[in-house]
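S.K.: Chains A and B, in that order, are what the protein sequence lines are.
Everything in the first sequence is counted per my numbering, starting at 1 for the first residue and increasing by one.
Everything in the second sequence is counted per my numbering, starting at 1 for the first residue and increasing by one.
Since the hints were derived computationally from the structure, they do not count as laboratory data.
Wrong hints could be hidden among the right ones.
Said to hold, decoys possible - Cβ-Cβ distance ranges computed for the label pairs, FRET-style:
#, chain 1, residue 1, chain 2, residue 2, range
1, A, Thr51, B, Ser59, 28 to 36 Å
2, A, Thr12, B, Glu67, 17 to 25 Å
3, A, Glu16, B, Glu84, 27 to 35 Å
4, A, Ser3, B, Lys40, 14 to 22 Å
As the list claims (entries may be wrong) - Keeping only pairs whose Cα atoms sit at most 30 Å apart, straight-line, the calculated DSSO-like set for lysine-lysine is:
#, chain 1, residue 1, chain 2, residue 2
5, B, Lys41, A, Lys68
6, B, Lys22, B, Lys41
7, B, Lys53, B, Lys38
8, B, Lys40, B, Lys9
9, B, Lys22, B, Lys40
10, B, Lys18, B, Lys36
11, B, Lys38, B, Lys19
12, B, Lys18, B, Lys53
13, A, Lys77, A, Lys60
14, A, Lys56, A, Lys77
15, B, Lys19, A, Lys60
16, A, Lys77, A, Lys52
17, B, Lys36, B, Lys53
18, B, Lys18, A, Lys60
19, A, Lys56, B, Lys22
20, B, Lys38, B, Lys18
21, A, Lys60, B, Lys53
22, A, Lys68, B, Lys53
23, B, Lys41, B, Lys9
24, B, Lys19, B, Lys53
25, B, Lys9, B, Lys36
26, A, Lys52, A, Lys68
27, B, Lys19, B, Lys36
28, B, Lys9, B, Lys38
29, A, Lys56, B, Lys40
30, B, Lys18, B, Lys41
31, A, Lys60, B, Lys9
32, A, Lys56, B, Lys53
33, A, Lys52, B, Lys18
34, B, Lys22, B, Lys38
35, B, Lys18, A, Lys77
36, B, Lys22, B, Lys36
37, B, Lys18, B, Lys40
38, B, Lys41, B, Lys53
39, B, Lys19, A, Lys77
40, B, Lys38, A, Lys77
None of these values were measured; they are calculated from a predicted model.
Beta carbons are placed, not taken as given, at the ideal position from N, Cα and C, and that holds for glycine.
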Amino acid sequence: GNSVTQMEGPVTLSEEAFLTINCTYTATGYPSLFWYVQYPGEGLQLLLKATKADDKGSNKGFEATYRKETTSFHLEKGSVQVSDSAVYFCALSDRGQGAQKLVFGQGTRLTINP
Amino acid sequence: DTEVTQTPKHLVMGMTNKKSLKCEQHMGHRAMYWYKQKAKKPPELMFVYSYEKLSINESVPSRFSPECPNSSLLNLHLHALQPEDSALYLCASSQDFSRGQFNEQFFGPGTRLTVL
Chain A
1 GNSVTQMEGP VTLSEEAFLT INCTYTATGY PSLFWYVQYP GEGLQLLLKA
51 TKADDKGSNK GFEATYRKET TSFHLEKGSV QVSDSAVYFC ALSDRGQGAQ
101 KLVFGQGTRL TINP
Chain B
1 DTEVTQTPKH LVMGMTNKKS LKCEQHMGHR AMYWYKQKAK KPPELMFVYS
51 YEKLSINESV PSRFSPECPN SSLLNLHLHA LQPEDSALYL CASSQDFSRG
101 QFNEQFFGPG TRLTVL
């Protein structure tokens, strides 16, 4: 079945550091890819998405490019802030039983120190 | 309005209690979802409703009973739960899937459930 693998955390960085969180996927067909962020005590928020190969999703300084040849969707940010501390989930779309599903990676906890 | 609301925010219940979780959205979405999230884990899909009909049940125990009274509301009825059912229960919604494209899911803040 379809699956998502994320780099294990936790990840701790200093403010203004460069961030990369790796995400690779296994899927049949051409899924859409997503990054969701979960701040402490909250639900998930969509951070960015890409629906086809070579698409680049971007939001709030975060970027990720849909790489079909390497089946990857790595999350990057050039200069992180303390407010970026959260758990980040990579996910792909899946279809089953006439409805759509999200398949999540295990999540990466990010802590940014001032 | 791009918000999914959930009530209550926190719920503590005994193993013999019956309670319900509620979810509401006013974005005109026709697909709604229940997820269960344990600490430090990703959300696990429980149920999917599409056009108020149950489309997916991910082999969830019958002590969890979903209900979709109309296109804006989704309930999760709880009965005879176990302590291991303690978790964050997340509701989500998305536009319909009928056009063949995958639409992003919007999540509510969740209900933190503790079963004693």
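S.K.: Hint by hint, say whether it matches the structure.
M.R.: Hints, verified against the model:
1. A:Thr51 <-> B:Ser59: 28 to 36 Å: For A:Thr51 and B:Ser59 the Cβ distance comes to about 30 Å; the hint holds.
2. A:Thr12 <-> B:Glu67: 17 to 25 Å: 43 Å, violated
3. A:Glu16 <-> B:Glu84: 27 to 35 Å: 42 Å, violated
4. A:Ser3 <-> B:Lys40: 14 to 22 Å: 19 Å, holds
5. B:Lys41 <-> A:Lys68: 27 Å, holds
6. B:Lys22 <-> B:Lys41: 23 Å, holds
7. B:Lys53 <-> B:Lys38: Since the Cα atoms of B:Lys53 and B:Lys38 sit roughly 27 Å apart, the hinted pair holds (cutoff 30 Å).
8. B:Lys40 <-> B:Lys9: 19 Å, holds
9. B:Lys22 <-> B:Lys40: Roughly 24 Å between the alpha carbons, so the hint for B:Lys22 and B:Lys40 holds.
10. B:Lys18 <-> B:Lys36: Answer holds: B:Lys18 to B:Lys36 is near 18 Å, not above 30 Å.
11. B:Lys38 <-> B:Lys19: 19 Å, holds
12. B:Lys18 <-> B:Lys53: This hinted pair holds, its Cα atoms lying about 23 Å apart.
13. A:Lys77 <-> A:Lys60: Satisfied, since the Cα-Cα distance of roughly 9 Å is no more than 30 Å.
14. A:Lys56 <-> A:Lys77: Satisfied, since the Cα-Cα distance of roughly 13 Å is no more than 30 Å.
15. B:Lys19 <-> A:Lys60: 39 Å, violated
16. A:Lys77 <-> A:Lys52: This hinted pair holds, its Cα atoms lying about 21 Å apart.
17. B:Lys36 <-> B:Lys53: Measuring from Cα to Cα gives roughly 20 Å; hence the hint holds.
18. B:Lys18 <-> A:Lys60: Violated, at roughly 42 Å.
19. A:Lys56 <-> B:Lys22: 36 Å, violated
20. B:Lys38 <-> B:Lys18: 21 Å, holds
21. A:Lys60 <-> B:Lys53: 36 Å, violated
22. A:Lys68 <-> B:Lys53: 35 Å, violated
23. B:Lys41 <-> B:Lys9: Holds - the C-alpha atoms of B:Lys9 and B:Lys41 are around 19 Å apart, at most 30 Å.
24. B:Lys19 <-> B:Lys53: 22 Å, holds
25. B:Lys9 <-> B:Lys36: 14 Å, holds
26. A:Lys52 <-> A:Lys68: 9 Å, holds
27. B:Lys19 <-> B:Lys36: 16 Å, holds
28. B:Lys9 <-> B:Lys38: Roughly 16 Å between the alpha carbons, so the hint for B:Lys9 and B:Lys38 holds.
29. A:Lys56 <-> B:Lys40: This hinted pair holds, its Cα atoms lying about 28 Å apart.
30. B:Lys18 <-> B:Lys41: With a Cα-Cα distance of about 26 Å, the restraint between B:Lys18 and B:Lys41 holds, given a limit of 30 Å.
31. A:Lys60 <-> B:Lys9: It holds: about 28 Å lies between the C-alpha atoms, which stays within 30 Å.
32. A:Lys56 <-> B:Lys53: Measuring from Cα to Cα gives roughly 35 Å; hence the hint is violated.
33. A:Lys52 <-> B:Lys18: Violated, at roughly 45 Å.
34. B:Lys22 <-> B:Lys38: 19 Å, holds
35. B:Lys18 <-> A:Lys77: 46 Å, violated
36. B:Lys22 <-> B:Lys36: 14 Å, holds
37. B:Lys18 <-> B:Lys40: OK: B:Lys18 and B:Lys40 at ~27 Å, within 30 Å.
38. B:Lys41 <-> B:Lys53: Measuring from Cα to Cα gives roughly 28 Å; hence the hint holds.
39. B:Lys19 <-> A:Lys77: 43 Å, violated
40. B:Lys38 <-> A:Lys77: Within the cut-off at roughly 28 Å; holds.
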